[in-house]
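Engineer: Residues 2 to 261 (this note's numbering) make up the sequence shown, in order.
No lab work stands behind these hints: they were computed from the structure.
Just so you know, these numbers come straight off a predicted model, no measurement behind them.
Take these hints with a grain of salt, some might be off.
[Said to hold, decoys possible] List time: in silico PhoX-like cross-link candidates among lysine-lysine, alpha-carbon distance up to 25 angstroms:
1) 84 <-> 109
2) 84 <-> 213
3) 180 <-> 213
4) 180 <-> 84
[Unchecked claim] Computed beta-carbon distance windows for the label pairs:
5) 16 <-> 207: 50 to 60 angstroms
6) 210 <-> 16: 23 to 33 angstroms
7) 93 <-> 34: 44 to 54 angstroms
8) 3 <-> 75: 40 to 50 angstroms
9) 81 <-> 35: 48 to 58 angstroms
10) 210 <-> 59: 26 to 36 angstroms
11) 65 <-> 40: 15 to 25 angstroms
12) 118 <-> 189: 34 to 44 angstroms
13) 123 <-> 210: 30 to 40 angstroms
14) 221 <-> 140: 22 to 32 angstroms
From the three backbone atoms N, C-alpha and C, an ideal C-beta is built for every residue, glycine too.
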Amino acid sequence: YLEEQYRILTPEQRRLPKIYLEHDPPQEHPTNTRHWVDDPSMLLVHVTPFNDLMWDSGHTPTMVIDHGVIVPEHVRYTGELEKGLVVVNNIRRRGRRLGIDTFEAARKGVPLDLIGMGAMEVGGIGEVDHHELASFESRYRFLFNPIRYTSLGLAVCEAMMLGMPIIGLATTEMSTAVKNGISGYVDTDIRRLIEYMRLLLAEPAHARELGKGARRYARERFNIGRFVNDWNRAFALVSGVSLNAPRVHHREACRGEGNL
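Produce the entire structure from the sequences given, and follow the hints as far as they go.
Structural biologist: This is the structure we're talking about:
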């Protein structure tokens, strides 16, 4: 943004309506970091309400557009494997922020498999092709998200859409996405999280009920129709176009949403 727009775009192109999509929470300081986009004529889109809350967005108007995800229609949670799954890329290199220590602490107490880039560096399985991921993960009893501080991961949203119970740290947007006893469990005490993991390993019926709650919540918050509608509203806002046309296109594009 700071350099390449001037090198790549013409002055005429830079005068077009502009949106900056910010995927992450502030990393230098959680509350006092000023976003580098400070332009009242732009729209700054955050992917979680937590990110919008924490960034100092200056004079730039902001909008929150939650993730939207699609999972294969024929794949749903089964949970027959008596172990949990962790989906994080390069967890060792990314360190404490991505939860290498919380993952290792939990793995000492319960059986956990790790997948993602660099997973084998810490005894994990390795990468799983994206088109096989839903079928692969649906067999695990729960998804454990060890991450301390980042945006709400797509892995969490997709697992919930499959009907998979979630266990994770009650930090950032995870504290709103997972409801204790309804769709999984979140806490800031890793010892309690390990107890919850053991509970789900011992009681598969309870895990299935939590998975149903996770899917209900995901269908409401992370469905692709809502995602498309939100982005159409953002485009209409910056371009000054009436919302009527995007709504018509949205309905036509999302007739099958009820089958998600």
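Engineer: May I ask which of the numbered hints given earlier this structure violates, with the numbers listed in increasing order?
Structural biologist: Failing hints, ascending: 6, 7, 10, 12.
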